[in-house]
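S.K.: Here the numbering used here is used: the sequence shown runs in plain steps of one and ends on residue 973.
Fair warning: there could be bad hints in the mix.
Pairs of lysine-lysine residues, derived as DSS-like cross-links and limited to a Cα-Cα distance of at most 27 Å, are as follows [what the hints assert, rightly or not]:
(1) K860 / K900
(2) K883 / K850
(3) K833 / K930
(4) K900 / K833
(5) K795 / K850
(6) K833 / K795
(7) K842 / K883
(8) K883 / K795
(9) K904 / K842
(10) K830 / K850
(11) K830 / K842
(12) K930 / K883
(13) K830 / K883
(14) K833 / K860
(15) K900 / K930
(16) K904 / K860
(17) K930 / K904
(18) K904 / K795
With beta-carbon atoms standing in for the labels, derived distance ranges [said to hold, decoys possible]:
(19) A852 / V916: 21 to 29 Å
(20) Q886 / A843: 20 to 28 Å
(21) T832 / G962: 29 to 37 Å
(22) A902 / A852: 16 to 24 Å
(23) G952 / G823: 24 to 32 Å
(24) S914 / A824: 34 to 42 Å
(25) Y813 / A953: 20 to 28 Å
Since the hints were made in silico from the structure, they are not lab data. Keep in mind it's a predicted model, so treat the numbers as computed, not measured. We treat Cβ as the ideally placed atom computed from N, Cα and C, and that holds for glycine.
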Amino acid sequence: AKLVGARASTNGEFFSYADYSARGLAVGGGAAWPGSKDTKGSGFVSFDKAGNVTITKPADVVPFDPKTMWGVVSGHPMIVRDGAALPNPKGSQLCLRNPRTAGGLSKDANKFFMVVVDGRSNVSVGMTCAELGTLLKGLGAWTALNLDGGGSSAMYVAGAGVVNTPSDGSERVVANHLAL
794 AKLVGARAST
804 NGEFFSYADY
814 SARGLAVGGG
824 AAWPGSKDTK
834 GSGFVSFDKA
844 GNVTITKPAD
854 VVPFDPKTMW
864 GVVSGHPMIV
874 RDGAALPNPK
884 GSQLCLRNPR
894 TAGGLSKDAN
904 KFFMVVVDGR
914 SNVSVGMTCA
924 ELGTLLKGLG
934 AWTALNLDGG
944 GSSAMYVAGA
954 GVVNTPSDGS
964 ERVVANHLAL
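Between the sequences and the hints, there should be enough to build the whole structure, so can you do that?
M.R.: See below:
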């Protein structure tokens, strides 16, 4: 976050521990990361160069477009769609209570929400994806996407540093981040 002059930053998307490659489409500075692509398994948060934000559903496969995708981080599942918080996907272990990170967008696309929830401690048990969706909806999100969570969940704010308590005890090395 400090390197890019971010006012706020969170961890980005799910990644491989073997080589730190992103699981979905990853874009930085208008260039898609080698080997990254959108799939039916991941949606994404994208920013164009002017700062306009969009969130795509995991079911929508969208090819990389350098005109509209200056920065992209992927995630799943969708937790708010059309103003409604969504239930946990059936049979998914992913949505048990854990530390969480999410990105959400208001209906008019004028407000972007970056949320990190602590967990795995005696102070916070974390949230399910459905609980996180309810929180984002309550904040005003019309659409929202779960990003990587667990020990990766961390939020940095300029002037304050890391403002949550990462469950690993400190920030974890991650594949990418979402920075404003």
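S.K.: Does each hint fit the structure? Answer for all of them.
M.R.: Evaluation of the provided hints:
no., hint, in the structure
1, K860 / K900, "holds (23 Å)"
2, K883 / K850, "holds (17 Å)"
3, K833 / K930, "holds (24 Å)"
4, K900 / K833, "holds (23 Å)"
5, K795 / K850, "violated (30 Å)"
6, K833 / K795, "violated (33 Å)"
7, K842 / K883, "violated (37 Å)"
8, K883 / K795, "violated (39 Å)"
9, K904 / K842, "holds (17 Å)"
10, K830 / K850, "holds (14 Å)"
11, K830 / K842, "holds (20 Å)"
12, K930 / K883, "holds (21 Å)"
13, K830 / K883, "holds (25 Å)"
14, K833 / K860, "holds (22 Å)"
15, K900 / K930, "holds (11 Å)"
16, K904 / K860, "holds (21 Å)"
17, K930 / K904, "holds (12 Å)"
18, K904 / K795, "holds (23 Å)"
19, A852 / V916: 21 to 29 Å, "violated (36 Å)"
20, Q886 / A843: 20 to 28 Å, "violated (39 Å)"
21, T832 / G962: 29 to 37 Å, "holds (33 Å)"
22, A902 / A852: 16 to 24 Å, "holds (20 Å)"
23, G952 / G823: 24 to 32 Å, "holds (28 Å)"
24, S914 / A824: 34 to 42 Å, "holds (38 Å)"
25, Y813 / A953: 20 to 28 Å, "holds (27 Å)"
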